[in-house]
Each structure stands twice: as C-alpha cells, then as structure tokens.
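Enquirer: One letter stands for each residue in the lines below.
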Amino acid sequence: MVGALIAAGALASIVLFVTTTYFVILCVIGIGFLALPHLTTAVRWVCDLNRRAAARSGVPVERPYRPEPEEIERDIVGWVRRCKWILADPASWRDLLWLLLNSGVGLLLGCAPAAMLYYAGEGLALACGLWQPVAADGTGRWYAFITVDSWPAALAAAAAALVVFAGWLHLSPWVLKGHAYFVLFLLGPTQRGRLASRVRHLAETRSGALDIQAAELRRIERDLHDGAQARLVSLGLTLGAVDRQLDRNTEEARRLLHDARSSSVQALRELRGLVRGIHPPVLAERGLADAVRALGLASPLPVTVLADLPGKLPDPVESAVYFSVSELLTNALKHADARQVEVALRYADGALRGQVTDDGRGGAEISAGSGLEGIRRRLASFDGVLEINSPPGGPTVMKMELPCASSSPKTSSS
Amino acid sequence: MRVVLAEDLFLLRQGIIQLLEAYDCEVVAAVDNGTDLRQAIAEHRPDVAVVDVRLPPTFTTEGLQAALLARREQPGLPILVLSQHVEQMYARELLADGTGGIGYLLKDSVLDDGQFIDAVRRVAAGGMAMDPTVVAQLMTSHSRDQPLSALTAREREVLELMAEGCSNTAIAQRLTVSEGAAAKHISNIFSKLMLPPSSDSNRRVLAVLAYLNA
Chain U
1 MVGALIAAGA LASIVLFVTT TYFVILCVIG IGFLALPHLT TAVRWVCDLN RRAAARSGVP
61 VERPYRPEPE EIERDIVGWV RRCKWILADP ASWRDLLWLL LNSGVGLLLG CAPAAMLYYA
121 GEGLALACGL WQPVAADGTG RWYAFITVDS WPAALAAAAA ALVVFAGWLH LSPWVLKGHA
181 YFVLFLLGPT QRGRLASRVR HLAETRSGAL DIQAAELRRI ERDLHDGAQA RLVSLGLTLG
241 AVDRQLDRNT EEARRLLHDA RSSSVQALRE LRGLVRGIHP PVLAERGLAD AVRALGLASP
301 LPVTVLADLP GKLPDPVESA VYFSVSELLT NALKHADARQ VEVALRYADG ALRGQVTDDG
361 RGGAEISAGS GLEGIRRRLA SFDGVLEINS PPGGPTVMKM ELPCASSSPK TSSS
Chain X
1 MRVVLAEDLF LLRQGIIQLL EAYDCEVVAA VDNGTDLRQA IAEHRPDVAV VDVRLPPTFT
61 TEGLQAALLA RREQPGLPIL VLSQHVEQMY ARELLADGTG GIGYLLKDSV LDDGQFIDAV
121 RRVAAGGMAM DPTVVAQLMT SHSRDQPLSA LTAREREVLE LMAEGCSNTA IAQRLTVSEG
181 AAAKHISNIF SKLMLPPSSD SNRRVLAVLA YLNA
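Protein sequence lines correspond, in order, to chains U and X.
Each residue of the first sequence is one higher than the one before, starting from 1 at the first, in the numbering used here.
Each residue of the second sequence is one higher than the one before, starting from 1 at the first, in the numbering used here.
Only chain X is shown next, with the shape it has when bound in the complex (with noise of 0.2 Å):
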C-alpha cells in the first residue's frame, strides 16, 4: 500500500512513517505543508493519504483544506485525516460528498499501532474510519432529531459502530450477536434512514450523513 504522508512535527513524523513502514506500507513521500501535499499526491497517486489538520504556514485548518482540494482534483482519493482534537464541522466537511474512503481521527489513535494501520487499511479500501469521539458527539447532539427517532436503542449501537467504521464482522463481536443480526439491523437503518440500495460502503457512508445533515 502506497502512502503519502503529511504533518509537520518531525517526531511524530518519522514515528508514524516508522510504524506504516513496520506494517508493510510504502511512504512514498513525507512533507509538512499543504502545497507540497497536494504537489505528492498529484505525482504518487498514493493508495491513502495521511494528513494532519494543522500545517504551516498558517497552522489553521491548512491540512484539511490541502486534502479537501486534492480530493475535488481526484474523486474518492482515500483520506485519513489526523487532528489534535476532533471538530464535528470538520467531519461534516470531509463527509460531504457522500463517498467513502475518509477517516477523520484523533492523533491519539496512532498510540494504538493496531487500531491505526486497521483504520489507514479500512480508509485506502473505500471505507470509514471515525473517531469514537465524534460519533458520541453525533449521537448526544442530534438525539432528538427527527430521523435517529425511528430507530432502536440497538439500531443506534450498530449505527455508531458504523460511523467508527466497523464490518459486519467487527460490529457482530462487539455487541456479541451473530453476523446475520448485525446485518439485519444494518439493512433496517437503510430502510429507515430510507437510503436506496447501491454499494454497501457507500450506504453506510450515507446513513452516517443522515445524522451530519439532520
């Protein structure tokens, strides 16, 4: 897998190439700003890219807008994007064209090598990965929203299991039911959230967002 790398700090730059590298992924190019992101990515064509939100020279929001312009460039370029803290308007930004391949997580997460390369593995193949803390923030911020009122306590777990980005698999272990329930309460949030039936990723891109827009 070909990866392209963008964050400023050099230490946790040369950890985090460290342990992509550890787990079999090609850093094809490590820079620090935005304009050189999108100059690597246009050249690589990587598998994902990597991108901090925070890069000079403005240390705003430089990173994010770098990822969203190189994403218009190159429809459904896989994009994890790493923050100090998690933003719900940003996850909001990023999800907005309703395709997947986009991860929005907390630098934190890279203390957890496994969880890490699972969710950069999960992004490059088209899927989701979101912070836990902006799915909990999703779910106590739109609880009384009119769409999220159909569905079951249950239904709910298995939706905020989606949005982290979990598999059917990976959401059947963890609520410890069979691989046929999970998969019938997903196809119930579809008919609730009354998502037409396409590729499964991208519904389950989609029922996040009918939270975002509720």
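Chain U on its own, in the form it takes in the complex (with noise of 0.2 Å):
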C-alpha cells in the first residue's frame, strides 16, 4: 500500500520531469514560457505533497520557494517575468533533480515493500494447499530454501512466509522515514536558502519596525507640540499678564493666576497620559502581568487574567505585548460588543504566549490599515507572530507567540 504509493508518485515523478525539462528547454526558443508556469505549479503541488507526507512521518519539510513578485503584469512580459522567477528560484532546479532521481528511488523504495508483500502471499498461498497441484508433476516448487512438496514442508513455508511478513511490518515505516529524509534532502531548504529567507524576514519586519517607530515619534511630536508646549506658553503668557496687572488691578491677578494654575495642571494631564502612551508607569513600576491587570481594572468590560510570567521579560517585548493586549482589549468593547474576556499570559520552553478570548460577534481579520494589522507588525519585529480566529458570531480567540529570554525577577510583585 505504503509502497504502492511511493512507486506511483515515482511514475508521476518521471512524467513531470521529462515534461518540465522539455519545456524549460523550450523556453530558450520562447514558447516554453506560456507553459512554464502552470507546469511549476504542478511540479510544487507534488512535491508540497511528498513534503507533507514526509512531515507525516516525523520529518517535517519546509518550502525552499522564494516569494512570489507582487503584481506580475497579465500580458506576454508578465509571463516572462514569471518565468524569470521561476528559473531564478534554486529550488526550482532542485524540485527537478528530484523529480529525476524519485523516479528511480522511489520506485526501488516502493516496490521492495510490494516485493516483501507479494513473496508473503505467495508462501502462504503455496502452504494452503497450493503446492499440491504444483507438486502434482513431482518437482515440487522452491519457497525461500524449502522445496515445498509435503505438508511438513508447506508449513515450514508458511513459517518463512509468515517471518517474511513480520520483515515487511517492520520495514515498511523504514521505508517512508527513508522516503522523507530522501524528500527533505532535496525539497527542504538549503541553508544557503535558509538563511537567505531569514534575512529576508529580517529585512522585512525591520522596516516594518522603523516604520512603526517613526509613526510613532511622529504621533509624540506632534502631541507635545499641539498640547503641553501650547499649555506652558499660555502659561507663561498669562503669568506675563499678572506681572502687568499686579499693582493695577489685583482681583484681576488673583483671576489670572488661577488660569495660570488650571493650566499647569492641564499641561500635567496632556504630559502624564502621553507618558502613558509611550511606556506606561504601571509597566514600568510592575512588570508585564500586573500591568495587564491594571488595563482589565480600568477596562469597562469584566476582564480575567491569568498570569504564569517566571521574571522579567525583555523591556521591549513587555511593551510589544502590553499594547498589542490593550488594543485588543480595545477592539472587544468596540468592535466585537464582548460581555467578558479573558487574557492569559504563559512563558514556557522561551515563548511568551499570549492569547485573549472574548466573546463578542466575532469576524474579526487582519486587513491592511486596520489595529490588528499594526499589531502583527508590532510583534513580527520579535519574530513573533498572531494568530486570529474569529468566525463570525464569535467567539474571537487571539493568539500571540514571542520568542524571548526571562530573567530572574528583580522585583517581587506582591
């Protein structure tokens, strides 16, 4: 059965190699160029399928393609670019040498198993009672090393037969642990790709982090110039007024001071809730899970948390994951009209897992421009990712993973 398959996807192999070479060959004269592409997609559809068949048995094999170049034009250079890409990709190459040594490979890995099974039968056919008319000419008929022509005979066949079977239970898993190493030598990732994609992801998500800094800078900028600079302007201002106004009209200094003092205390709101905004006190005075606390408390929804943090986290990891909780925190009361929610925050095996349950109406996704679009970037500068699953009518569950270090505590938060 095992065997089976693998010698059939062997015979695939072959087909698409000859067939994939023929047209890359072509696509030095140019026509192969309209074929290319949908064939590239077949190639990948099989090999994706060895590679989860491999993972299947235990070897999990990840995709070595490089991405796609966005917007690929529809007309004759599109497809050209297309081919481009596709020929450009080592992995490409390396999909069609394994297509050609799977034909050969796959086929003696699957049909030594199918070997095994028909040998089997053929024992236990023979020591049923086969070899009688067999044996009718008075040669008898060779199993293994036993001539069968008595029944003390068809039994010790049927011994063999039987050890023959145990061989091929026992060596069928080997083959495909075999088969999967075989895939993973030529379909995985070299580590020349490996590390080119890293750097890519790197390239990626620092841009992405930039982007989000500089947005950033930008929002505390201009809220220190539209805000508390106003305030202690006008301050100064009016203070200027009370000096003139002191010995004229002292009602009118005693009314002014008091606007001075409003104002002093206004600029102190603007100040505190922007401090707030870039790293929060409560964060910095105790940690992450009491600062998720905090944000339940003063969240108009009933919010559980439950924590399970061994120490103290990497500042910034802390403040990735107590924003990203606030947004979400936020987008339940807005968006999913929640009645409760529930936060849980875990470290274990150098991840800190986040994940908040609401439920609310559900449907939430990750469109561009939208919160939780900015989140993932939030946390993809960590190599962290979220994973959002919200069908509609709730209820929504968000999951974040951060890779990270704890490190002892250096305060107790009790």
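The calculated label-pair distances, taken between Cβ atoms and stated as ranges, are:
(1) LYS334/U with ALA136/X: 16 to 22 Å
(2) ALA181/X with GLN213/U: 55 to 61 Å
(3) LYS334/U with PRO75/X: 41 to 47 Å
(4) GLU401/U with THR176/X: 52 to 58 Å
(5) PRO56/X with GLU401/U: 33 to 39 Å
(6) ALA181/X with GLU387/U: 54 to 60 Å
(7) ARG45/X with ARG276/U: 34 to 40 Å
These aren't lab readings, by the way, just hints derived from the structure by calculation.
A quick note: this is a predicted structure, and the numbers were derived from the prediction, not measured.
The C-beta atom is built at its ideal place from N, Cα and C for all residues, glycine as well.
Take the two lone chains and join them into the complex the hints point to.
Expert: Given below as structure tokens:
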C-alpha cells in the first residue's frame, strides 16, 4: 500500500520531469514561457504532497521557494517575468533533480515492500495447499530455501512466509522514513536558502519596526507640540499678564493666577497621558502581569487575567505585548460587543504566549491599516506571530507568541 | 500634626515641607527612600505619612511597598500616597485592610494647597481621600456590576463623593441638598450594599471597597 503510493509517485515524477525539462528547454526558443508557470505549479504541488507525507512520518520539510514577485502583469512581459522568477529560484532546479532521482529511488523504495508483501502472500498460498497441484508433476516448488512438496514442508514455508510478512511490517515505516529523509535532502531549503529567507524576513520586519517607530515619534512630537508645549506658552503669557496687573488690578491678577494654575494642571495631565502612551508607568513599576491586570481593571468590561510569568521579560517585549493586549481589549469593547474577556499570559520553552478570548460577535480579520495589522507588525519585529480565530458569531480567540528570554525577577510583585 | 514625608525629588520635597509648615503641620522627618521611611515611621510614630509611590533605589513601587509594610507593622497608621499617575490596582492594595486613614492622590493635587492640606488632615483623622481620577475609573469600570446597579443615580453620585473623601456636610454642599438628605442617601447606600453598622468612617471605606471587590 505504502510502497504502491511511493511507486506511483515515482512514475508521476518521471512524467513531470520529462515534460518540465522539455519546456525549460523550449523556453530558450520562447514557446515554453506559456507552459512553464503552469507546469511549475503542478511540480510544486507534487513536491508539496511529498513534503506533507514526509512531515507525517516525522520529518518536517519547509517550503524553500522564494516569494512570488508582487503584481505581475497578465501579458507576455508578465509571463516572461514569472518564468525568470521560477528559473532564478534554485529550489525549482532542486525540484527537477528530485523528480529525476525520485523516479529511480521512489520506484526502488516503493517496489521493495510491494515485492516482500507479494512474496509473503505467495508463501502462504503455497502452504494453504496450492503446493499440491504445483507439486503434482513431482518436482515441487522452491519457496525460500524449502522445496514445498509435502505438508511439513508447506508448514515450514508458512513459517518462512510469516517471517517475511513480519519483515515487511517492520520495514514499511523505515521505507517511509527513508523516503522522508530523501525528500528533506532535496526538497527542503538548503542552508543558503534558509539564510536568504531569514535575511528577507529580517529586512521586512526591520522596515516594519522602523515605520512603527517613526509614526510613534511623529505622534509624540505632534502631541507635545499641540498639547503641553502650547499650554506652557500660554502659562508664560498669563504670568506676564499677572505681572502687569499685579499693581493695578489685584482682583484681575488673582483671576489670571487661577487660570495659570489650571493651565499647568492641564499641561501635566497631557504629559501624563503622553507618558502612558510611550511607556506606561505601571508597566515600569510592576512588570507585565500586573500592568495587564491594571488594563483589565481600567476596562469597562469584566476582564479575567491569568498570568504565569516567571520573571522579568525584556522591556521591549513587555511593552509590545502590553500595547497589543491593550489594543485587543479595546477591539473587544468597541467592535466585538463582548460581555467578558479573558487574557492569559504564559511563559514556557523560551516563548511568551498570550491569548485574548472574548465572547463577542467575532468576524475580526487582519487587513491593511487595521489595528490587528499594526499588532502583527509590532510582534513580527520580535519574530512573534499573531494568530486570529474569529468565526462570525464569535467567540474570538487571538493568540500571540513571541520567542524571548526571561531573566530572574528584579522586583517582587507582591 | 506630625508628618513623615518620603519624596525623592529634592525640589518637590522642599515644596511640600514648606506647604505643610505653612499650614501648621510639623514635618518630623523628610526622607528620600523606602528603608529610611520605615525607620522614620517606627522612630517618630507620626500622625500621618505622606509617601511618593516611586522611590529609589528601584524607582518602581518602593514607596507603596514601604507604606504597606509600615501599615502592617503599625495597624491603622494613616498614609497619604502621592503618585505621578493613578492606578486602580494600587488603590485596591491600599484599601485592602478595610480601615480608614488612607489617601491616594495625584501629585498635581499639591498645586491646590487648600485641597491638599484638607486631604492630609482628613487622612490623619482616619478618613479617606481618593483622587477623583481613581473614583471616575471605578465608576466606568464597574458600571455593570451587580451591587452598584441597585443604587440610584443620585446615590452613585453620593458614593463618588464619599470615595473622594467628602464629609456629609461637603457632600450636601457639592450636590446642593440639605445635610439631612445627604445623610439619608448615605444610609440608603449602606443598607443597599449590606454594610453592618459600625463606626461611620469605616463604613465609608467599606462602601468604596464594595466596588473595588465587586
């Protein structure tokens, strides 16, 4: 069964290999451009099937392909560009090599178990009495090292067949495993390819992080300029007016002083809000778990917080998670129409995992410009991921995962 | 009135000392860290301790922790906590033992000297002084909770003012009703929140705790 699948795969491999190679060569004279992208899709589909099969036998194989160029025209130039993208990707060539080798290796690996199974079947059939008509001419038939021409010999043959069958049972998983490693060897990413894709990922997330930072600085600058700075200027002006009025009109001076005071209170309030947006004091003072509890307390929704964090996590990570949870709580309140929210934070195996679950109406999705996209980008710069499960009608489950190291606690939170 | 003050910023510390002394309070000790604060409290046994939440060396909640410890060592010690920002969680921790003599105010409140001194006196007398910001947060965050929903809109207003630390007279003034009417609202609140009769100022703390723990 297993062998048959591998063998069938091997046959498909050779057909695909021949066709694709043919069209790659045809690219040289131009016609191949039209067929190559479709063929590549088929090749990658077959390769993906093999990768998935390998993963099922315990050998995970990543897809090594370079990302498709964005926005390809649908005309001849587009086709040529698409072919260039395919031909420039070493993984395409490795796929082809794999197709070629798999037609041999796959056939071999596929046929060996099938042959063993057949042989075990043959032995059992002989032992069941099939030897009698065969041995009628007096010669008997050889099974392994036994001439099957009598019942005791048939019994021995049956035993041998059972041994072969046991061998087949034992061997099949190894054949699968072997095939999986073969798949990993050629269809997995090479060290170079892995590095290249890592560099690509880092470049993307770095530019994302820079964008976020720049936007944040712009916001702070604007808030300071329109808020506290303006208030302090007006405070200075009011104090100047007080200075002028002090001798002439004491009553007016007192009123102005009152204004000045409320202006300074206002400036303080705005600065406080600003600080909260940059680095929330409670986060600085009490760490992530308590800061998230404080978020829960300040939310109009009943929020349950379950936190299991061993010590202090790196500041940037704490900050990213804090603002992400804050945004998710706001979403639950504003968009999901939730009645209660549960936030769970857990640190295990070198990663911080967060989960925000609400009982709202669901239907949340990541789209460009949404708050969720912002969270995703924020987490991505730490190699973190945001996973959303929000079917229409709810409930919504948002999962975050960030790899990070924890240090021993600096301060106790009790 | 004898006061122990803990504040790490020199200018603010001097300012508060001046302010307290201008209103006839005696500042028996002014310290700038949590360890010294506990020593000073143990040594001077002040009428009230005025404490900044964030103190050296960690600049986290050193002051709050020291104050809570001091209160455990010396039950009923009146403490007025000042903070650059207010956080419900801290209010909860301060009020946890359910007795009075607790204040939690924004540092800005020292700008309004009269109000600040009033709060110091109230706390020293075993009363309560919560910053309106904390109270407002309490009201929004627990507006859907059960014990509160039993209260009428007017009773909520009264409870808000009680949480800020207003006396019956002050509540009557702020809501422009008679003092008798204010007292009636307050006793309604106590019975709706099922608070057993005890000393009046303690019941006021318990009434506020009723939301905190809702």
